[in-house]
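Undergrad: Could you put the whole structure together from the sequences, leaning on the hints where they help?
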Amino acid sequence: MRTRVLVTGANGQLAQSIKRLFEANEENIFYFFANRTVLDITQQERLKAHFKTNQYDYVVNCAAYTNVDGAEDDPESAFLSNAKAVEYLAKYCNEYEMVLIHISTDYVFDGKKEGAYSETDETNPINVYGASKLKGEKILQQTTSKHYIIRASWLYSPYGKNFLKTMSNLIKNQTALKVVDTQKGSPTSCFELARFIHFIIGHHDIEFGTYHFAAKNYTTWFGFAQYISSFYPDYKSSDLKPVSEFISKAKRPTNSVLAIDKTEKIYPDFMQWEAGVDEIMGVLLES
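Residue numbering for the sequence shown follows our numbering, beginning at 583 and increasing consecutively.
Please keep in mind that the hints were generated in silico from the structure rather than gathered at the bench.
Each hint should be verified, as a subset may be incorrect.
Pairwise CB distance ranges, derived in the manner of DEER restraints [said to hold, decoys possible]: (1) Ser820 to Lys728: 49 to 59 Å; (2) Glu605 to Asp851: 13 to 23 Å; (3) Asp816 to Gln723: 45 to 55 Å; (4) Lys728 to Gln625: 16 to 26 Å; (5) Ser820 to Gln724: 29 to 39 Å; (6) Pro815 to His786: 24 to 34 Å; (7) Gln626 to Gln723: 15 to 25 Å; (8) Asn755 to Gln625: 33 to 43 Å; (9) Ser812 to His786: 38 to 48 Å.
Backbone N, C-alpha and C fix where the C-beta goes; we use that ideal spot for every residue, glycine too.
TA: Structure follows, in structure tokens:
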């Protein structure tokens, strides 16, 4: 039986990771990738017309407004992409009986908890980006029952803009760096998240709902940067310094660690974050 999957936000790092790993697969799962030019999910009439003429079993929503600091100056754009567009998608997924897999974020939490956040913990975003993503989650839950919300943290890949790529380029060029050491989280590979999404699509017995996806262990942004620097033996360790505060427009949670106990019950193949970095750095250093 053929399974047809639409992936939105095709130019983003997660969609490109799905494409790299699974566009050619032997499981009769057919992925169709749509960038904003092909399908702008903020345009309701275009979405409606697309779903009238194209049938899918799953929609993987990788499209989002992800500029955390930019959202503080332009909340309208953040809420349009992260909430209103999700409402449109959920509406048509419900109407045409498609399963919606939606990517959310650790930033729906305020970071004040001591331990890792579970799916049932109280949400309380402290920036506009997190608030827009949370609103998208709530609208989705109210609009269609056939959904998976996957909250992921500190995503990185060989594609697009992300912390690993930025640090890698700066370290390669011998740049002296100060990196915050007071925010903790689980760096999570887009390749690993892509594998989990593909797993969900291939297993029709997984209960709908919200799932956390992150590496098994955690670190700080400074610890993350330190590990990246280990791939560049010529880089002076003294050029990488921890700082307690990094001035930015948007507040960030001090604790972004996600508990993965629920997800591990259905998908035991979680990596330590270092192993995920090893895989992605291998791709970056080859290119």
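Undergrad: Hint by hint, which ones does the structure fall short of?
TA: Hint check: 5, 6 fail, others pass.
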